[in-house]
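Participant: Below are the chains, spelled out letter by letter.
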Amino acid sequence: MVFGNKSENELISKAKKGDKQAFRSLYDEHIGRVYALCYRLTGEKGMAEDASQEVFIQLWKKLGNFDGQSQFSTWLHSVTANITISYMRKQKGWVQRMFNLENSGINEMPAEENSTDVDLEALVIRLPERARMVFVLHAIEGYRHEDIASMLNMAVGSSKAQFFRAKQLLKDFMGVDDE
Amino acid sequence: MSNFDDKLAQHISEISKEKQPERDLWRGIELGITSQQGDASQDDASQDDASSSTVTSKQWMAIAASVCLVTVLWFAAPFAFKADESRSDGYALIDAMSMQQQQQVNSLLASYESTTALTEDWQEQLKELDDAADVIKAALKDDPDNSALIKMLHHVYQQQIALIERVHAPKWQQI
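Those protein sequence lines, which keep their order, are chains C and R. Every letter in the first sequence is one number past the one before it in numbering that gives the first Met the number 0, and letter 69, counting from 1, is 68. Every letter in the second sequence is one number past the one before it in numbering that gives the first Met the number 0, and letter 20, counting from 1, is 19.
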């Protein structure tokens, strides 16, 4: 790891002053978490890679806004979620893509055998876009529905409904019967 | 909480917080931030000279010299490129662009030799743009036909010319 003995604060301070090597070290340290979130939100490797690049390019500009009041990783996570959502919106045909995915043949996908060895990430990627984004932000990242509603520009009730839908679909994917 | 919720919570707690991308993303990021630095340098110069739009007689001379140079290069390039056939046509174009840019910068600087610059750090800004161009050229060596990179290089070169012109245009000549 390039991180070495330098503290993160030192790297942040240097990167704020334009030190690209320090910024590279921050990239090496955080790319794993940034990419994981981008991948779970976008559901596509290529788009997640592009969004991750966008996050770090924007981060270079926005680093001055980080005041050290919170953990850098927490702040970066929030920046990543917002930039990725905004990146997805900017993509051509975002609404169309969303509409298509909402009607995609998710039910045709085979349900997992009722096994304990479940690849949750692979199942989450199979969710329709809105349900997936809400599920990732709420269940995996711990955001409140109020925050998600504001991030995704939807009503709080819609966020809760999408979360419920995501859980129902995951239940189907895992082959769990309704209790 | 139902059994399913418990199971789901357990799966979520086991999900890896990190995932590595399959390709190296740093190169694109570095290009992006270097390009941003170039834009910022030009913005700094523009702040000192926000209304500069006049082309002075010296600038006309510089432009005319550049046009002549392009014409000469246009005819000379095919012969020059034959000397090194191992390089792709794409990179030969980059070489020609860079050579033309250097000549244009040199002639502009010569024409402004007696003019005081409006900012003190313009040479530093010019160097940053040079660095940006070097990074893009390095990327073009591997991928000489990448039109996005060629456009980016062309943009950086335009910024260099604009920077030199703006910092040297006397205030009394500005509209």
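Calculated directly from the structure, the hints in this document are not laboratory data. There may be inaccurate statements among the hints.
Straight line, CA to CA, 30 Å or less: simulated DSSO-like cross-link-like pairs of lysine-lysine [unchecked claim]: (1) C:Lys16 with R:Lys136; (2) C:Lys15 with R:Lys6; (3) C:Lys16 with C:Lys61.
Participant: None of the hints should be skipped; say for each whether it holds.
Facilitator: Going through the hints against the structure:
1. C:Lys16 with R:Lys136: 25 Å, holds
2. C:Lys15 with R:Lys6: Distance ~43 Å between Lys15 (chain C) and Lys6 (chain R) Cα, so the pair is violated.
3. C:Lys16 with C:Lys61: Holds - the C-alpha atoms of Lys61 (chain C) and Lys16 (chain C) are around 12 Å apart, at most 30 Å.
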